[in-house]
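**Student:** Protein chains in written order, with this note's numbering: chain P, 7 to 349; chain H, 137 to 437; chain E, 101 to 385.
These aren't lab readings, by the way, just hints derived from the structure by calculation.
Any given hint might turn out to be false.
[As the list claims (entries may be wrong)] A few chain H residues facing chain E, derived, Cβ under 8 Å:
no., residue
1, L224
2, P232
3, F234
4, N236
5, E239
6, P243
7, Y250
8, T254
9, F258
10, K260
11, L261
12, S262
13, G287
14, H291
[As the list claims (entries may be wrong)] FRET-style restraints, in silico, Cβ to Cβ:
no., chain 1, residue 1, chain 2, residue 2, range
15, E, R283, P, V334, 47 to 57 Å
16, H, F342, P, D283, 13 to 23 Å
17, P, Q331, E, R283, 56 to 66 Å
Built from N, CA and C at the ideal position, the CB exists for glycine as well.
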Amino acid sequence: MADILTVDRLKAYYLMNYYGVSREVRAVDDVTMSVRQNEIYGIAGESSSGKTSFIKVLAAAVRPPLKVVDGGVVYRFGDRTIDVSRARPAEIEAIRWKNLSYIMQGSMSVLNPVRRIEHIFEDFAARPLGLRGTALRAQVTEHLGRLQLGPEVLRAYPHELSGGMRQRVTIGLATICNPQMIIADEPTTALDVVVQKDVLSLIRKLQAEMGSSVIFVTHDMAVHANMADRVGIVYAGRLIEEAPTRTLFVAPKHPYTAHLVASLPRIGDTTRRPALDGRPPNLANPPSGCRFHPRCPLAIDKCRTNVPPLVEVAPQQRSACWRWQDVVPLPGSISGSRVEAHA
Amino acid sequence: MTALLEVDHVSKQFNVGGPFGQKRLPAVDDVSFSIGVNCPEIFTVIGESGSGKTTLARMILGLEHPSAGEVRFRGAPVSSRLSRAARLAFMASVQPVFQNPFEAFNPLKQVDRYLASTARRFLKLSAATDVDRAMDEALQKVGLSLAEVKGRYPHEMSGGQLQRAAIARALIPNPALLITDEPVSMVDASLRMSIVNLLQSLRDDFGVSVIYITHDLATAYYVSDRLIIMQRGRVVEMGPARTVLAAPEHPYSQLLKASVLSAEDAGAGRLDPITDRPPIPPGVPAGVLVERPDGRMVRMA
Amino acid sequence: MFAVLRGLVRYNAEFTIGAILVGLVIVFSLLSYVSPVDPSAVYRVPPDQAPSLQYWFGTNSRGQDMWWQLSFAFRNSLSFGLTVAVVSRIISIVIGLAAGYLGGWADRVLMFFNDIFVAIPIFPILILFYFVMKSNLNSFSLALLMACFGWPYDARLIRSVALGLRYREFTRQAVFAGMSPVRIMWQEHLPYIMPIVFATTMSNMIWSIGLEVTLAVLGFTNLNIPTIGTTLYWANNHSALVVGTWWWIAIPVAIVVLLFLGLFLLAVSLNEYIDPRSRLRRMGA
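Between the sequences and the hints, there should be enough to build the whole structure, so can you do that?
**Tutor:** Written out as structure tokens, the structure reads:
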């Protein structure tokens with residue numbers, strides 16, 4: 007099966023000019039990856055790692071001062087192929103909502119507070135679905151039912167629903183047209199822990215039923231552990247490791263990943279967690295060579311001068327580190343003793 | 137021996153609604169606990185949104201007045217209606233750390249202003265060299281230095297550094313108690329554990345008690361000595377941290393624990409929704425707190 | 101300071117044009133300090149002369165050289181407008197910040213007085229003061245009087261910003277850092293208020309100069325002091341447009357228009373420059 011998304015050497019920078027001060031922030035710097043059909047691909051990275059800008063390019067939501075400087079982002083929906091970094095607005099409008107949908111960060115606060123839920127669905131979904139009136143309402147009711155929302159939700163205003171219900175409505179909006187690719191940017195970050203688990207299991211269920219691909223962006227590694235099939239780690243605008251989920255947690259091949267998965271606290275475990283010194287790099291003035299080298303416990307001289315390429319170090323696992331062979335799981339990581347094939 | 141902090145059957149009700157039809161919203165209902173003096177500990181308050189944990193913190197800091205009950209610090213009641221001198225004396229011993237490090241500092245002003253002001257006001261220092269020395273001492277305790285922070289604006293520092301600077305500021309008057317409201321929820325994952333480890337070192341090396349408010353059970357397990365779990369303003373379970381979290385008794389505590397995502401089954405995608413446990417009755421948890429032999433207290437209907 | 105001005109001039113056309121216009125008018129009015137003629141003297145030069153090389157702005161029916169007359173007029177009007185603006189800004193900032201930050205009964209009392217001043221009709225009161233004080237009503241006392249009426253709307257605007265700032269986390273941190281309320285209002289909150297202050301200063305100046313012109317044209321100020329308003333009064337009194345001395349009215353009005361345009365451009369460009377959001381962007385946030 008062909009990949010549904012192929013990103014090829016993508017570079018997207020913020021180009022800003024205020025009062026003679028010109029700044030170039032390299033938010034996405036030479037990223038190459040692909041997403042298969044019927045897969046949940048997790049993107050992990052911290053604030054100011056460039057992952058939100060990357061998502062904006064993928065979702066064809068690029069606005070100045072963000073600008074795609076180089077590279078391509080190609081989607082394959084059935085027989086239609088489109089490069090969203092170069093396509094015309096009309097072409098992008100044609101695929102939006104029907105083939106590609108985007109759940110933005112904090113989107114549950116984005117529902118129009120003075121419109122009832124049914125009208126919000128009319129505003130968004132009537133045109134792509136090509137339905138109106140009772141037919142549309144029937145489809146919306148059925149779809150909301152799959153999200154465990156009863157038909158009374160349709161007549162409600164957003165503020166009358168709880169945070170979890172609003173998020174489920176937003177997910178419903180994004181999925182009602184059965185898009186083949188869904189991009190979700192931190193959809194559960196603002197939710198309570200109990201609601202979060204419910205919403206995540208719903209997303210997984212929907213994905214399995216619809217057979218679509220999901221790109222799931224969050225900084226919470228525990229969420230990736232339970233949701234993603236493959237995970238890509240973004241650091242300072244670059245993709246530094248990519249692997250199937252279990253492999254990433256049990257056998258990471260990049261020092262940053264090793265630290266991220268080891269620093270997850272777990273109930274029942276009080277071993278001291280490692281702390282990383284230094285601070286996340288400034289994308290306007292990133293470190294030379296490997297951008298992680300100022301904070302890396304394994305850094306050597308080569309790391310300061312040469313950018314490590316993202317190479318395949320194991321089946322389906324890629325890492326951008328000169329010393330990937332020396333990376334071992336840190337204390338506090340989960341052990342690899344449970345070998346389990348996941349469905 | 138008076139306790140350091142006594143929260144004595146504290147309740148807080150808010151009036152909501154317009155002129156026609158006022159409703160009383162109980163934010164906090166009958167919460168009691170105490171923190172001893174000379175035995176520094178990390179006391180955690182666990183709750184989700186709407187549990188009343190932030191209102192409780194505000195009452196302990198004296199920013200809100202309890203509708204019933206009393207908060208006492210070293211025997212004296214804490215209140216927002218004290219004189220300025222009494223408030224300053226209280227603030228010298230009890231300091232807050234807020235959730236959002238980027239909001240905690242004025243984006244247009246330099247970060248060291250607040251540290252300098254704290255040093256001047258609470259340590260009664262006036263000479264610039266003395267103030268700088270006090271700031272540097274506090275910053276060293278959190279793993280920063282004055283050279284790194286002086287003259288910097290908030291946007292030039294990372295969330296982790298800012299939060300550490302905020303903790304350093306809170307440490308300048310040598311307080312006995314630190315109230316931290318979700319201090320790591322807005323900090324990046326890679327910097328989070330260093331701040332949590334810092335809270336531990338504050339207790340062990342500097343003898344500061346910390347009230348750690350969070351919704352994250354995993355860090356609570358990692359760092360707390362005692363904890364209380366709040367639901368809808370009421371305490372449902374409280375006691376020694378490891379005991380309670382290892383085997384929670386109240387249905388709500390069990391629900392919280394079951395909802396925590398763990399990386400144990402990474403890649404297995406086991407996200408079964410929580411349908412196979414007794415449903416939580418809606419509304420405010422009913423019953424009274426009953427003491428158990430292992431030291432915990434559970435609300436039993 | 102100079103770097104800031106240089107940056108503004110180079111990159112902000114509005115600022116440059118505004119600064120030039122206002123600068124020209126200010127220079128013109130400063131010339132009055134070296135004027136060889138006494139502004140209250142009449143019938144010194146041939147009256148009703150059109151603008152020429154000898155009399156650049158012509159002469160009026162009272163036999164005064166318009167160039168020097170207008171120079172004095174603009175100097176007096178500008179200083180009047182500036183006095184009103186400064187004094188009323190001070191009042192509105194103090195009241196707005198205090199009401200917004202302190203809240204509670206302080207807020208209620210201050211806004212009570214604020215609303216009273218909004219409701220009071222200014223015009224009849226100014227006329228009343230004129231009748232009571234007659235020729236004792238000089239520019240400065242009139243300026244103070246107007247300043248007492250020019251603050252309520254802006255105080256409310258400032259109060260709304262201060263209300264929002266009060267609940268921000270850095271305000272709470274400042275309280276726990278031991279800063280006194282005055283220090284918090286002055287050092288933490290004032291930078292957020294300055295854009296409003298700038299915007300309202302401009303409209304305040306237009307309002308005060310306009311009101312002064314209205315009073316003068318109707319004859320309710322001291323007519324011996326040359327101001328824009330009194331110039332128009334005398335022009336009207338001598339039926340300037342009927343007689344044909346159009347320059348008596350046209351030239352001051354044209355200069356006033358240029359002045360207000362310049363002030364507007366300055367206010368807009370400076371406002372954009374000091375706005376906290378644009379400041380943050382320039383600092384690199």
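**Student:** A separate judgement is required for each hint: does it hold in the structure or not?
**Tutor:** Outcome of the hint check:
1. About 7 Å separates the beta-carbon of L224 of chain H from the nearest beta-carbon of chain E, less than 8 Å, and the hint is met.
2. The interface hint given for P232 of chain H holds, since its Cβ lies 6 Å from the closest Cβ of chain E, which is under the 8 Å cut-off.
3. The criterion of a C-beta within 8 Å of any C-beta in chain E is met by F234 of chain H, whose closest approach is roughly 5 Å, and the hint holds.
4. Evaluation of the N236 of chain H hint against chain E yields a held restraint, the C-beta minimum of about 6 Å falling below 8 Å.
5. Satisfaction of the interface hint for E239 of chain H is found here, the shortest Cβ-Cβ separation to chain E being roughly 4 Å, below the 8 Å cut-off.
6. Look at P243 of chain H: its Cβ gets to within about 6 Å of chain E, closer than 8 Å, so that hint holds up.
7. Residue-level restraint check for Y250 of chain H holds (minimum Cβ-Cβ distance to chain E is 4 Å; threshold 8 Å).
8. Against a cut-off of 8 Å between C-beta atoms, the interface hint on T254 of chain H holds, since the closest Cβ of chain E lies about 4 Å away.
9. Proximity of F258 of chain H to chain E holds as hinted, the smallest CB-CB distance being about 6 Å (cut-off 8 Å).
10. Annotation: K260 of chain H was flagged as interfacial toward chain E, and the flag is violated, the nearest CB pair being 10 Å apart, outside 8 Å.
11. Below 8 Å, beta-carbon pairs count as interface contacts, and L261 of chain H has none with chain E, the closest being about 12 Å; its hint is therefore violated.
12. Because the closest C-beta pair between S262 of chain H and chain E is about 13 Å apart, greater than 8 Å, the hint is violated.
13. Given the 8 Å rule on beta carbons, the hint for G287 of chain H is violated: about 12 Å separates it from the nearest Cβ of chain E.
14. Interface restraint check: H291 of chain H against chain E, minimum CB-CB distance 4 Å, threshold 8 Å, status holds.
15. Separated by about 53 Å at the C-beta atoms, R283 of chain E and V334 of chain P satisfy the suggested range of 47 to 57 Å.
16. At roughly 21 Å, the beta-carbon separation of F342 of chain H and D283 of chain P lies within the given 13 to 23 Å, and the hint holds.
17. Checked against the hint of 56 to 66 Å, the pair Q331 of chain P and R283 of chain E passes, with Cβ atoms roughly 58 Å apart.
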